[in-house]
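Line by line, the protein sequences give chains A and B. Going by the working numbering, 126 is the number at position 126 of the first sequence; the sequence numbering is gapless. Going by the working numbering, 50 is the number at position 50 of the second sequence; the sequence numbering is gapless.
Among these hints, one or two may not hold up.
Stretch by stretch, here's where chain A covers chain B in the computed footprint (C-beta under 8 Å, at least three residues) [claimed, not checked]:
| no. | region |
| --- | --- |
| 1 | 152-162 |
| 2 | 672-682 |
| 3 | 715-727 |
Computed spacing ranges between beta-carbons, pair by pair [stated by the list, open to error]:
| no. | chain 1 | residue 1 | chain 2 | residue 2 | range |
| --- | --- | --- | --- | --- | --- |
| 4 | A | R161 | B | H814 | 25 to 33 Å |
| 5 | B | E445 | A | H160 | 46 to 54 Å |
| 6 | A | R161 | B | D91 | 54 to 62 Å |
| 7 | B | H302 | A | H10 | 54 to 62 Å |
| 8 | A | H10 | B | D674 | 32 to 40 Å |
Hints were generated in silico from the structure; no laboratory data involved. As the structure is a computational prediction, the values presented were derived from the model and not from experiment. In this text, a Cβ means the ideal position worked out from N, Cα and C, and glycines have one as well.
Single-letter residue listing:
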Amino acid sequence: MSEPVWGPVHRDIVDLLADHPADVPAVVDHLTKLQDLLVRLPPLLHSNPLADFNKLYLTITTSVLDGLYADRFVDPGFLSRLDVEFAARYFDAMRLWSDSSPGTPKAWACLFERMRGPDARPLPSAAAGVNAHINFDLPFALVTTFDHLESEPVDGSDQHRDYLEINKIFADKIPGLRRGYLERWQLLIDMLNGDIDDWYQGELIGYTRDVAWRNAQRIWRCRHDPHLHERERRRLDETAAALGRLLLSPLGAFLQ
Amino acid sequence: MASDVDGTPLVGRDDLVATMRAALLDDVAPGNTAAVFLTGESGVGKTRLLREVGERLGDGGALVLTGSCLDIGDASPLHPLRQALRRLDADLAPPAAASVRALLGVFAEDTAGPDGAGALLERVSRGLNVIAGGRPLVLVLDDLQWVDRTTRQLLLYLLAGLGDLQLSVLAAVRSESLQGAHPLRRVLTELRRLRSVRVIDLAPLDRAGTEQLAAAVGCRPLAPEAADRLWQRSGGNPFVVEELSRDLRDGRDGPSDTLREVFLARVDALPQPAHRAVHAVAAGVEPVEHWLLARVVGLPEHDLLDAVREAVSHRLLVGSHDGYRLRHRLVAEVLEDELLPAERALLHRRYAEALTSAPGELHQARLAHHWRLAGEPERALPAAVAAAEEAERLYGYAEAHRHWSVAVQLAEGLPGADRTALLGHAAEAAHHCGEHARALALLEELAAAGTDHPACELHIRRARYLTAAGRSALAEAEYQHALDAADCTPRQRATAAAHLAELLLQLGRYADAGRRAREALALAEPVDGATTEVVRASMALGFSEAYRQDPDAGLAVLRRALATAERAGRPEDVALAYLHLAELLTGPLNILEEGVVVARRGAERVAELGLGRTYETRLLAIATNGLFRVGQWAEAEKVVAAALRHRPSGTDAVELLLARCRLSVGYGDVEAADRDLDAVATMLAGGGARHVIPLLTLRAGLAMWQGRHDVARHAVQRGLTETRSDDLVILAVLVWHGLRAEAEAHASRTVAVDDNAVRRLREIADRVAGRSERAARPVRDVVEGYLALCAAEVSRLDGADPELWARAAAEWDHRNHPYPAAYSRLRQAEALLARRRRAATAAKLLRQAYQVAQGLGAVPLTEEIRTLAGRARVALEERAPAGAARPAGEGDELAPLTAREREVLASVAEGLTNKEIGQRLFISERTIGVHVSHIFDKLQVRTRVQASAIFLRSRP
């Protein structure tokens, strides 16, 4: 095979990904180490699409960790599990991409492909990562977490409240996504005309995270049926990938 | 995905085969367990590797059982294991097969009982033990992504070592399935941390491997151009490489680029009878037995054989001794577009008819499946019901729920069907397998369907489901509705009130709980046979009184409940009454000695009543923890060993393993502690967040004795991020462990102190202190003990304060827990000595601590005390100098030994080895080693002979 996927830091990234963090402090640690490696990737030192996303993700996860220590959530056991499961999917996607596996989720592949340029603007790149992570990974992370805790995604439960609490963290940490950016993003999504038909006037993250919760409930109902579950997974992957590609297209640049 | 045995060489996997053999057999210590999980995309060669490794393990002397999981949603519980046993049965000579038949018989029997599911696991492991006959057992499972819940639990139970079986598991999982929300994801993430488990990701072949395989299939090396093309098209996937090379060899290399096109071309080329056979297999549940295929296809014997042979040679079908399968999922996809719905329905009808006359594996499930797809709901319904009942008999509630749901659907529009009853069953099964929302939805449907359904019963059921789902506010309202319902019988009213009281107790609303419990008692007393309600209400009342500072009243209530239960004579009621009484005494009341006595007496009593496996085990767990706290560790060790002999499963097993591990950590037996921690982690991989925190606490405690303070810090951090802020006791314990780890790091200078962590821990300690002021008295008492330790540990970071340690010691003395008290005295002495003050007091404290630590057998604590005493030149024992005349009274020579050490020494004197002593005393060989070295130390001897001589000399 030709050049390694992660260029000069390929070995380091593969070694790092061999570890599977099991708790939130370990996830933060993992993302920090990953950030140190990602900024060393040519050709766009210090600013490449994945590093842009990873940095944002690290900031958010650190806030979640602080929130856990500071008694911010009702059911920290749930939120910790969710955070770990959520991150695991990002690391899984990177691992699959490292192996050049055709199984890499399309939602992520469209971001990874852009690692070598052409230049993508940091904000749309970070947004593309957020898109893949929330629209594709999050519903499955939710289902796995509820399954493991022998609980269920029920509206209005303690877990649902904690889940919504994260929206505030997102809102705090992504001011750039809130202001100005949103309206234009909405415009794009209208143009996409895809699966998302019940778009409402609200904040981007709040909206997509709500979609993720609904999708989790949907997957929850068919989780014992491998065929239905797989169909659902493909559908979400396609939707998220379409959005991601759009964000990273020249069109995405006008967002910044 | 099965492929056939056709002599294609295994390419590029030699190292892997050797690694797996070592991991599963050669490197497994006798009595231990191991597992390899092979993940990889379909076609990458997992099945082939399973077979190769399975054969090697068989050659190496292991008994290999092979089964595969099925992807039909309506499979039955433990299917892969039953299939594996049936295959083994077919391979063995009749006399050897008797044990296999006996185990297969277990699945057909009724195992109903209070702990049916656990008892089933135990009987299965016992049966496997007999079959293995001392050989290592290997369970090879293919397509684990489709495993049923019961099999998953069995695997974890066996891998945790609870089945007492030397077992290795080799399983293949399709990696595509692990994407998304598959439950195995979690299981594998947890298991991969264990030393005995490996998760191997099977990669595609590299370019050289691809060419080697192609050359082997084509019988000659490929031309460079063809090799390039093959590499690009296959991506190194061995299955694709093989299929493409075969087409190339046979001159069928068309423009087809994808595997799908390859299969499409082959299906097109198939003669008509073979075509029919392939379609028939595609409609069946694999493997399709030959006789069954013959009935469905309806060809004369010879024609059928020709047809099948043709399909196999076109590499669309695979034949093995148990039947036919499609070669690849893609074949099914290709075929799907070819058949008209009416044709497919006809095939299913044929299957159903053939199966009706000849029952076989998965009989009812398959019948229901085929009749349903044949468009015959009225014939599918009885089969679905039978399949659901069969699944329930084996505690496969998830499968049962699916069968009941199918039955509900089938019954729609069928005039004679009792849909209400089916809904009731479906709801109950959903409730049992944790599908709470689904259970509630089914119940709503039931309420809407049968207008004459009794309202009270519905309310009680709804409340039960809501409680299980953790939706307490709604559950409370439902119990209230039940109590208000006009059709409520006195018995139901008592039931609802007692459950409501219990719920309120769990919510910490003690005053309300007490009021409801009194009401429930008043309602239950006049009702004949309502003992269960009396016991439940008494529990709620007893605990709520205890939490509201009237322990005597609470105790009296539970004692009365026990007497009532004994009079009524229902075993479960007696057992529950004992359980609650023992919990009350050892829990909130902290009357440990009495609690232990009650627990042990209860254990004996319930064993007489035939509830050994369940309630005896639970009562002994309570006794063990009580004994640990009052400092009777040797006794605790005996009790826990006795309890584990019942081979408990689930939560009971986890609690006992944690109790045993707590002892091992205290003894400083790292290996035994690690083994139990791994076993608990294995069990928890299947779910059960409640026990994660005790696991982390023990891990931290063990790490500190090993000087691995950073490991301890990490365990505590994880615990803190996963604990609810109202779990005050758990938080206090964690914070103490965290601060102690930092203080130890500071003292030993091996690991840097994490100032950030210290700051955070202190914040949490303050928060806990603030909240505990509003907590119930018993909770506050425990929390204060730990907070005293916390404050003292903090002082160690900047000039230890002996006063704080004195306070901690006093707290724990007061609570009657000698172990933390001794630890506090050690630290107090240390602080005094560091300030060079009151050396005499320090010496006294050290001697007190030493005596306690010695008595417990707490090796690491003793060591620390000794080290400090050595540095401070404090004599710990007032013993005559060596060589001087021994004091009068020969028996005194053994005085420094603990009761347990004396027992060990008695066995040493009999000439037993450590292993034999371990077996006799139910403790690990390793622990015996620790005891023996202790004995040598105390008696100041170097050999077993010298020790035995002293023992024999000093016997009265």
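Results for each hint:
Chain A is given as covering the region 152-162 of chain B, and this is violated because 0 residues of the stretch bring a CB closer than 8 Å to a CB of that chain, at least three being needed. Beta-carbon proximity to chain A at under 8 Å applies to 0 residues in the region 672-682 of chain B; the threshold of 3 is not reached and the given coverage is violated. Coverage of the region 715-727 of chain B by chain A holds. Counting CB-CB distances below 8 Å, 8 residues qualify, and the rule asks for three or more. In this structure the supplied range 25 to 33 Å is violated for R161 (chain A) paired with H814 (chain B), their Cβ-Cβ distance being about 40 Å.
As the Cβ distance of E445 (chain B) to H160 (chain A) is approximately 24 Å, the hint placing it in 46 to 54 Å is violated. Against the hinted window of 54 to 62 Å, the Cβ-Cβ separation of R161 (chain A) and D91 (chain B) comes to about 57 Å, which satisfies the hint. At roughly 60 Å, the beta-carbon separation of H302 (chain B) and H10 (chain A) lies within the given 54 to 62 Å, and the hint holds. Here the CB-CB span from H10 (chain A) to D674 (chain B) is close to 35 Å, well matched to the stated 32 to 40 Å.
The structure fails to meet hints 1, 2, 4, 5 from the earlier list, while all remaining hints are met.
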